[in-house]
Amino acid sequence: MADSTTSRVSYTLDSSIESVNKIEQTAELCATTAGFDEDTVSNISMAIREAAVNAVLHGNAYDANKTVKASFETTAEALTIKICDQGPGLDPDTIPDPLAPENILRGSGRGIFLIRAFMDEVKFRQLHPGTELTLIKQRPPAQSGT
Amino acid sequence: MSMKVSTRQVDGITILDMSGRITLGEGSVTLRDAVRDVLAKGTKQILLNLGEITYIDSSGIGELVSAFTTVKNSGGELKLLNLTKKVHDLLQITKLYTVFDVKDDEASAIASFTK
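Note that the protein sequences, when read in sequence, are chains Z and B.
Quick note: the first sequence uses UniProt numbering, first residue 1, plus one each step.
Quick note: the second sequence uses UniProt numbering, first residue 1, plus one each step.
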């Protein structure tokens, strides 16, 4: 597997909005470099931003003693981004459906929905403590290996 | 990176011309404060011009929804004007496009408010 890896970068960041912005900007750069079109780059950036917001705000609750780890890996096949927090853990099955009529006018609760809408694969893993979110976007065949 | 809002009045309707990003933190707070200020001045008919909004995240979407319900619950009307493709697409996939009254022409938007 190692010889298929074209690039990898990771950060350990504090629980702040600045970290969210850095993770978003890195995602945009990685997606652009991976050859995704402009709309897809924008969608990937948004999905990663939502994941970072979840980690900083809902996971670590802006706790200065907790960090967020973000890793970005581009292979010939896909862009894979992992975001880890040190919060109490997130069970995705407990998140209300934001499209349900009773939730449509809620002021929050759309982040995970947007992540799932824009990425090909989304995985949650409990870290005890914390949550690891893995987000995968397959590269188009014509751009693989570039 | 931040959001800017300027306010003007046309035929009794308050138009908020917004530019930049509506995201968690500054942008969402700026929108919330702007709508709150308009309501505090007694105006309840608000047109949000989003033509120069380059980016909105789930927090920003939530803030738009909150603004809509706040104005509606106070007996007013809040409508959206000049959505970019990105914002349009986001409101579509979140099924909010039909919740908001969305306009693409300022004159007809102004005329559509209850007199």
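Incorrect hints may appear among the rest.
Cut-off 30 Å, straight-line C-alpha distance, at most; resulting in silico cross-link-like pairs (DSS-like, lysine-lysine) [claimed, not checked]: (1) B:Lys103 x B:Lys85; (2) Z:Lys82 x Z:Lys69; (3) Z:Lys123 x B:Lys95; (4) B:Lys44 x Z:Lys82; (5) Z:Lys82 x B:Lys72; (6) B:Lys103 x Z:Lys22; (7) B:Lys41 x Z:Lys22; (8) B:Lys115 x B:Lys44; (9) B:Lys85 x B:Lys4; (10) B:Lys41 x B:Lys4; (11) B:Lys44 x B:Lys95; (12) Z:Lys22 x Z:Lys69; (13) B:Lys44 x Z:Lys123; (14) Z:Lys82 x B:Lys85; (15) Z:Lys22 x B:Lys115; (16) Z:Lys123 x B:Lys4; (17) B:Lys86 x B:Lys4; (18) B:Lys86 x Z:Lys69; (19) B:Lys86 x B:Lys103; (20) Z:Lys82 x Z:Lys22.
By construction, these hints were calculated from the structure, which means they are not laboratory data.
The structure presented is a predicted model; accordingly, all values stated were derived computationally and were not measured.
Comparing the hints with the structure gives:
Distance check on the hinted pair: B:Lys103 and B:Lys85 sit about 13 Å apart at the alpha-carbon level, within 30 Å; holds. Taking the CA atoms of Z:Lys82 and Z:Lys69, the gap is near 8 Å; set against the 30 Å cutoff, the hint holds. Under the criterion of a C-alpha separation no larger than 30 Å, the hint pairing Z:Lys123 with B:Lys95 is consistent with the structure, at around 24 Å. Only pairs whose Cα atoms come within 30 Å are accepted, and B:Lys44 paired with Z:Lys82 is rejected, the gap being roughly 44 Å.
The suggested pairing of Z:Lys82 with B:Lys72 is violated, with an alpha-carbon distance near 40 Å, which exceeds 30 Å. Simply put, B:Lys103 and Z:Lys22 have alpha-carbon atoms about 34 Å apart, too far for the 30 Å limit, and the pair is violated. The hinted pair formed by B:Lys41 and Z:Lys22 fails the criterion: a straight-line CA distance of about 38 Å is larger than 30 Å. Of the pairs offered as hints, the one joining B:Lys115 and B:Lys44 holds, with about 12 Å between alpha carbons and a cut-off of 30 Å not exceeded.
Distance restraint check for B:Lys85 and B:Lys4: the Cα-Cα separation of roughly 20 Å lies within the 30 Å cut-off, and the hinted pair is therefore satisfied. With a C-alpha separation of about 20 Å, the suggested pair B:Lys41 and B:Lys4 falls inside the 30 Å cut-off, and the hint holds. For the proposed pair B:Lys44 and B:Lys95, the alpha carbon gap of about 25 Å is at most 30 Å, so the pair holds. Between Z:Lys22 and Z:Lys69, the direct Cα distance comes to roughly 12 Å. Compliance with the 30 Å bound is thereby established for this hinted pair.
In summary, the hint linking B:Lys44 to Z:Lys123 is not supported, as the alpha carbons are separated by about 44 Å, beyond the 30 Å threshold. Pair hint Z:Lys82 plus B:Lys85 holds up; C-alpha atoms about 28 Å apart against a cutoff of 30 Å. For the suggested pair Z:Lys22 and B:Lys115, the alpha carbons sit about 47 Å apart, so the restraint of at most 30 Å is broken. For a cut-off of 30 Å, the pair hint linking Z:Lys123 to B:Lys4 is broken: about 36 Å separates their Cα positions.
Between B:Lys86 and B:Lys4 the CA atoms are separated by roughly 18 Å; this keeps the pair inside 30 Å, and the hint holds. Proposed proximity of B:Lys86 and Z:Lys69 is supported: the alpha carbons are some 29 Å apart, at most 30 Å. For the given pair, B:Lys86 sits about 15 Å from B:Lys103 by alpha-carbon distance, which is consistent with the 30 Å threshold. Distance restraint check for Z:Lys82 and Z:Lys22: the Cα-Cα separation of roughly 14 Å lies within the 30 Å cut-off, and the hinted pair is therefore satisfied.
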